[in-house]
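A.B. asks: Sequence:
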Amino acid sequence: MGVPPRTPLTFTLGEPLRGHITHFRSIVAALAIGVVVLVGCGGVNHANPVLDRAPSAQATSETVVAVEGEPRQISFARPGGDAYFASEVFPEPVYRDGLDGAELNPDTELPVRWAEAGLPSTDTRETVVIVGHNYTDRIAPFYHLREVAEGDTVALALADNVLTYRVEEVTSLAKGALLTDHELRRHKPGRLILANCDVIDGTDTGDNYLVIAQLEN
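Positions in the sequence shown are counted from 1; adding 2 to them yields my numbering.
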């Protein structure tokens with residue numbers, strides 16, 4: 003990409019990534035069979051994304067049907083419907099790499115679906131996992147996972163429709179914890195997991211931060 007390589011992320015990552023800045027464009031704004039460990043790290047020296055075209059599921063008496071496909075946009079909203087974050091989703095999924103496949107290091111700062119998890123759809127039988135970088139010294143889109151609260155909604159815009167998920171839990175897990183027989187590694191119909199490297203006040207906590215939501219429509 004014409005810049006120094008990123009520091010690979012492993013399940014025992016102790017140092018925050020301090021690589022190049024990949025500029026991202028905000029347009030308004032893991033787990034299945036495997037484990038998510040992401041870059042550690044998010045200061046506050048950049049403006050938050052501007053919300054101008056957040057995906058939304060319009061009220062209708064008809065059942066929403068969304069065919070399986072890659073998510074294009076993601077947004078978060080409060081229970082009353084006020085959107086507070088939205089972002090594009092990188093169009094290609096991320097795969098594990100590194101020795102023994104123990105690294106997950108997206109080449110983009112945009113949120114990205116983990117390839118080993120499920121594809122979102124109305125009738126998916128799998129857990130969908132979307133991951134994103136977080137930094138100690140600057141803001142990337144998934145820095146905002148810490149703003150999500152239980153009861154909020156997550157909207158995923160696909161090619162043909164918008165899926166709405168209700169947040170059931172926000173939690174932190176030690177990096178590496180999901181290498182064990184953790185419940186979140188199993189498929190669950192309609193489950194969505196968002197994950198980043200947890201950062202508090204510019205300090206990498208050594209954990210992954212997870213938002214766990216369930217499909218509503």
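Treat the hints loosely; a few may be bogus.
Said to hold, decoys possible - Computed spacing ranges between beta-carbons, pair by pair:
1) Thr207 to Ala151: 36 to 46 Å
2) Glu94 to Asp203: 30 to 40 Å
3) Val66 to Gly153: 28 to 38 Å
4) Glu105 to His189: 15 to 25 Å
Simulated from the structure, these hints should not be mistaken for lab results. C-beta: ideal position from N, C-alpha, C; glycine also.
A.B. asks: Hints first: check each against the structure and report whether it holds.
C.D. replies: Hint-by-hint comparison with the structure:
{"no.": "1", "hint": "Thr207 to Ala151: 36 to 46 Å", "result": "violated (19 Å)"}
{"no.": "2", "hint": "Glu94 to Asp203: 30 to 40 Å", "result": "holds (33 Å)"}
{"no.": "3", "hint": "Val66 to Gly153: 28 to 38 Å", "result": "violated (20 Å)"}
{"no.": "4", "hint": "Glu105 to His189: 15 to 25 Å", "result": "holds (22 Å)"}
When held up to the earlier numbered hints, the structure conflicts with 1 and 3 and fits the remainder.
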